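Asks: Take a look at the letters that make up each chain.
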Amino acid sequence: MITSNSRPNALQGTLGWLLLVVAAAVLVASLGYAFSQLAAEGHASFNTSSRLPWGQPIATYLYFALASSGLGLVASLPLVFGFKQYYPIAKRCIFLAFIVLISGMTVLAMELGHVFRMLWAIPTGLQTQSAMFWMGVFYALDLLFLLWKFSKLQGGEWDSKTSKQLGIASFIGVLLASGNLALIFGMMSMRPFWFDALMPIYFYFTGVTSGVAALVFFVYLAHGFRRDAMPSALQSLLTGALPKLFAALIGGTLLFIAVRAITGLYSNNPEVNLVWTDYLFASPLYIAALLLGLLLPFALLLSSSIRNRVDIQVLTACLVFLGLFAERFYFVVGGQVVPLFKGTWAPDLIEYAPSTTEWALTLSGVSLCFVLYLLGEKLLNLGDMPRQEPDQRQTEQPAVAT
Amino acid sequence: MNLFQTLINRRRFLQSSAAVGASAGAVTAGISGLTGLAPTKEARAQSPRGDTVVTKNVCAQCPARCGIDVYTTDGRVHAIYGTSDNPIANGKLCPKGHLGTYFLYDPDRFKGPMKRTNPNKGRDEDPGFVPISWEEALDTVAERLNDLRRREESHRFAMFYGRGWGASDAGIQYPFGELYGTPNAAIGHSSMCADGSKKAKHVTDGNNSYSSYDYANTNYLLIMGASFLEAFRPYNYVMQQWGHMRTKSPKTRVTTVDVRMSPTMAASDRALYIKPGTDGAFALAVAHVILTEGLWDREFVGDFEHDGQRFVAGRRIGASAFDEKWVHGLTDWWNEELKDRTPEWAEDVTGIKAADIRRTAMEFGSTRPAIALFERGATGHSNGTYNGMAIHSLNALVGSLFAEGGLGYQVGPSYGELPVKVEDYARNGAWKDQPRLDMKGTDKWPMAGNMMQECAQNHLDADPYTLDTAMFYYTNPIWTAPNPQVWEEALKDVFVIDTSPFPGETAMYADIVLPDCTYLERTQDVPTYPFEGWPMAELRVPAVEPIYDTKMYGDVIIELGKRIEGPMGDYYRELGNLENYIRHLAAGFADDPGDNGVDGFDSWKEKGVWYKKPYRWRLIRGEFYEWDGERYGRQMSEEEVKEHLFKTPSGKFEVNSGYLQEHAEYIERELGIPRDRVGLVQWVEPVHTGGDGDLHLVTPKTPMHAEGRGANLPHNIAIHQPIVGGSGTVYLEVHPQTARERGIGNGDRVRIVSDIGSIEAECRFVAAHRPDTLVLPFEFGHWAQGRWAKGRGPGNSSEVTANRSDPISGLASYYTGKVRLERA
Amino acid sequence: MAKWGMVIDLDKCTGCQACTTACSMENNTLPGESWQDVLYYVEGENPSGQMKWLPRPCMQCENPSCVHVCPTRATYKDEDAGGIVFVDWNRCIGCKYCMIACPYGVRFYADEKPLVEPDIREAFPGENGQLWSPPYQNPEEDYRRGIGIQPAGVVSKCTFCYHKVRHAPEGIADLDEEDPDLKEYVPACVRTCAPKARYFGDLDNPESRVNQLIGDKHGVRLKDHTGNKPQVYYLGAGAGVPAFTPADRETDA
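Chains as they are written, first to last, in our numbering: chain A, 1 to 402; chain B, 1001 to 1824; chain C, 2001 to 2253.
Hint data in this document are derived by calculation from the structure and do not stem from the laboratory. Take the hints with a grain of salt, since some may be wrong.
[Said to hold, decoys possible] Lysine to any residue pairs mimicking SDA-like chemistry, simulated, CA-CA at most 20 Å apart:
1) C/Lys2183 x B/Lys1339
2) B/Lys1492 x B/Arg1298
3) C/Lys2113 x B/Thr1729
4) B/Lys1248 x C/Glu2184
5) B/Lys1251 x C/His2218
6) C/Lys2113 x A/Ser36
7) C/Lys2113 x A/Val259
8) C/Lys2113 x B/Gly1728
9) B/Lys1444 x B/Tyr1666
10) B/Lys1353 x C/Lys2113
11) B/Lys1275 x B/Gly1728
12) C/Lys2229 x A/Met190
13) B/Lys1251 x C/Leu2010
14) C/Lys2223 x A/Ser36
15) B/Lys1248 x C/His2218
16) B/Lys1647 x B/Glu1324
17) B/Lys1647 x B/Arg1631
18) C/Lys2217 x B/Lys1339
19) B/Lys1607 x C/Glu2184
Since we're looking at a predicted model, the values are computed, not measured.
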């Protein structure tokens, strides 16, 4: 169907409604299933255990939280550092960062034993030694700043002093939140697979990478996967800086994984070494995620001849999206698969595959994200950018989508 | 008794959390994971509910008879600890003891008497039990018994028992049989238990019994096939002594000989892995070294007539060169057997290096006091009695019998007389001419104590006759007997009465179920198993009234007896009930009060135990003395020694057994030993069962084997496995090389095949085991027993175990089977 | 106030697991929720293979990493209770971070798949807020110290049987189960240990038997490099935990 000139966004039409209905249906089904399972069996409906307490719901939360941070960091390029070519995606970034974080927190809430108790127990406990306490503080601030900043952008306040200050605050909030999230793992000296002072840098890298992947995908989705439906500034971003940035980020991520793998494989410590040899590199899925989810996109984006193609960009975004989800999963589980303190008593690595309830939670996170996003595209002008920029909408072609 | 004061100590964080919690509002979602905005409704802080009462009982999860304190609050039993002033428990327990509460609250228990409605019997047949009243149940059984007796077929009624506790349960079966008229009233399971060690002692020192041990004072332990730290009796006490032995001065040195890695092997100073069934060869070589090295106890054994004479390998000694003291037949033993039993010879037989045998022998022979102990690992073979004799002879060579730090035998308690005598009522009839169904005491099994494992086949063969009615107490042969498949067939046309509180396999064949109370609900006398030798008798006191409509077995027998026609009914009416019966037993304590002041039923009930220390006899420097009230002061004559200690034809420890010589013809026929040699302690090749199997299968009892109920105790299941594989599963343990040769990987599902059947298991590699020996702890593989046990793998090892027994002791050879291993 | 400590003599321990079952019945834990457990290690090859075992309660660390990571202070080290580390079941949010942070693997989130099927929680369904309600229950309950049967969604752990220990006479050096006046105050695992491989006493009192044993027999703390400083000491051979090796590679040359 064809959208009118006054409807520049592919998702503000029937397609949007259709997708919204589908996403909402998936959300209701998956969340309903997860709820009913939790009501009937409690967390026994998870495949986690006292030996491996953190499973896919935590990985999903981590994935969303870091994608949110990544989006927040990308948004800071124009909003804090003045890279004006990124303006076309700034508002969408902030919005996506917000809803992705909300989705992640929703999944986490279902994973916790007593989520509402958290609301009073964390503030009153004031356990400043705990990285998880700071996670609560920083992500709450992050969420607040994102919302605030978005309201400024929504109000058209791109360059006011408050808006600038908010941008800086949000940037710092994102850095603290995701960096601290990294330390939740990185500071655990009793879990050598995670114990790594540079974990925040790794999280920033992978976070921004997943954020950009999400961004690219959603930008295309918003325009019916047609670049010619986009404002020209956005078009030039997508054929210029962004794919290069994306390639560089994937490259950095790969480098990080490579040095972690080399360190792990070199180490004699079975709590690191075995994770790589017997778990990660023994898993076809992990290897596939590395090759198809990161290496292939990297290679594709390296080539200047094809990296600007729409199909390549959408494909790499999707591949990286999935690849990094696997990376998160294997990161979270990998830190726990070697039976702690069991010696030869436990004969094997701890087996873990997510249960249907856990998959349902992941799915509800994703579908919630879609629902919120689609609502956002419908109700909020996510493609907006500062007034002083040329009004792209005037040069825009009618967008076609099916 | 209020055990705990209620002390409310408020502490820092706790106050604030409650305060905040209270103000946090009250949103409660009904689902797990989302509750918790509201604080817990009650304070839930340091408030014990109700008063706690402690009753004395005796654990019933193995034969050890540990005294237990049962903690009950508001009518619910919630804790069991060892009784502090009980000489076996000393306040301690083994891992099983604490789980006793589960026996009481097992959700799968039989909740009252029932009868069968489905006439078909089999694994997959639902018995269709329907509840009936005790009146109807007892009347039905009594009517059947009366009818059988009217037809002059009373011998076709059999009563089987496994764990007999004392006079008031299994003990009550004997008079019942006498009165009713059946030779089969008390067919015990001892031949499927450990009769081999009793028989080995019977034929050498005349005591048909397990030994008592003075661990506290011993300086050397040679343990052979006994699973000392897993399943040896009394396990709890053995572990207490282990802690003492291993830290006292001097530390007790331990050598363990076994066919597999086990906690005992691991904890010993020296672990020697022996080829299954060859323990006798090892012991003979040790004896050989003790003699050739001149390490024997001269004051007990005797010595050469002349100085300078000695035992030289391969060389005979003169017929009268050696002057035997308390050992009979040593010269013959040396000349006809021992002189050639060198460590080098034994290395070929046992697979243990000669140097290790020699080292062990040198240590054992030169450390006093020293004990050689053994159990089914050594005796569960066709040559079991001879293996046991060889090991037990080591105790004689180093003078450990009745010595401080050595071993002795258990003395029974001073029970009172019953108010009625069986002779007054016993019925003499045609049944007196009938052999027992298991043919014990006939030419088939002349020396065995019981032969329960034979009963199923004998019934099927109608030789000597078929069973009509069978009653089972604390035994489950349909699952536990070797080759239990035969029992499954045999009991199909027998009227089966089961008395277990639990739904075991035999109960699934029951026509009538007369459920016993669990031990926490029973009154029951429990004289001790062999322990430290001095007499002791404990008493079970119910912690709670029966929580279901169950009846103590002793009362069931008495009530049945009352319903039998003729004078038998009078006998039981006279006896009254179980408590009356036990009160009469306790009356004996009035003349012989215990060390703890117990002199009758009431004080017995309060303390839970009657005992009198010390042990009555002692060997001191080659002479025997009796306790005179203050010390071992009265020397015993040879006649007294023969009467009380060495009850052999010679009145001495016999390394050339007079008892066996009396059965020379039988032994020659069954074992192929020339009849003039049968008495000698000697090496006999084991005959393994299982067909063409190339691997030995051993099926050890583990610390968690809870008298057959372990498989239905969830906590037990969770920690059952003592060696490999974490928790929750019992694995077949196999040497990696053995597995890999058969293309089997670690964790694979495997099939264990013998000539009578096959079972499946998951396997785990344990490189510490012998490559030719598979280890499968038995416990699981039930097809009944309750929700947790049913269908829980691995398979039941009995199903690949042939029903073959040591002809002398009658002990079923559970550990002699050979099998094939393949991937399932 | 005392600093409660435990000493476990591995030269006496027979690996029987009575400590484990005594604990599970005293504290009404689920099958597999072994606050106190015994771990077995098999190494080497026949005929010289070895097996070691390690009874493992909560170490009640002086510097407990689980306490540091808890975002709500639900888990805390109570110096007024002898330095025992508790979980306040009224505060715990079930994030399980403490389970990640504990180097010894002694924390449990019982709201998980049952180790033993069928689920015993179905045989004895929870009442009155409890995760499960067996007919036998220790009458002692104190949610603020994680004593009793836990509600759903919280972490549970060994409390050194504080509901017993708290009654100990003030200033006592050792809680010896052989003293009839003290036996009810001794932690279940110590009280029942048949070979008397366990001792319980005040680590702050240089006169205590536990300190004497640690001194005489060179007591060691497990994983001391973590800096957690356990209040549980091990004596004798076998306190070294072999590194994890997948079982099928144990005998690979």
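Asks: Take the hints in turn and mark each one as holding or not.
Replies: Against the structure, the hints come out as follows:
no.: 1; hint: C/Lys2183 x B/Lys1339; verdict: violated (56 Å)
no.: 2; hint: B/Lys1492 x B/Arg1298; verdict: violated (59 Å)
no.: 3; hint: C/Lys2113 x B/Thr1729; verdict: holds (15 Å)
no.: 4; hint: B/Lys1248 x C/Glu2184; verdict: violated (27 Å)
no.: 5; hint: B/Lys1251 x C/His2218; verdict: holds (19 Å)
no.: 6; hint: C/Lys2113 x A/Ser36; verdict: holds (16 Å)
no.: 7; hint: C/Lys2113 x A/Val259; verdict: violated (36 Å)
no.: 8; hint: C/Lys2113 x B/Gly1728; verdict: holds (13 Å)
no.: 9; hint: B/Lys1444 x B/Tyr1666; verdict: holds (9 Å)
no.: 10; hint: B/Lys1353 x C/Lys2113; verdict: violated (49 Å)
no.: 11; hint: B/Lys1275 x B/Gly1728; verdict: violated (30 Å)
no.: 12; hint: C/Lys2229 x A/Met190; verdict: holds (14 Å)
no.: 13; hint: B/Lys1251 x C/Leu2010; verdict: holds (15 Å)
no.: 14; hint: C/Lys2223 x A/Ser36; verdict: violated (42 Å)
no.: 15; hint: B/Lys1248 x C/His2218; verdict: holds (18 Å)
no.: 16; hint: B/Lys1647 x B/Glu1324; verdict: holds (17 Å)
no.: 17; hint: B/Lys1647 x B/Arg1631; verdict: violated (24 Å)
no.: 18; hint: C/Lys2217 x B/Lys1339; verdict: violated (46 Å)
no.: 19; hint: B/Lys1607 x C/Glu2184; verdict: holds (18 Å)
Against the hints set out earlier in the document, violations occur for numbers 1, 2, 4, 7, 10, 11, 14, 17 and 18.
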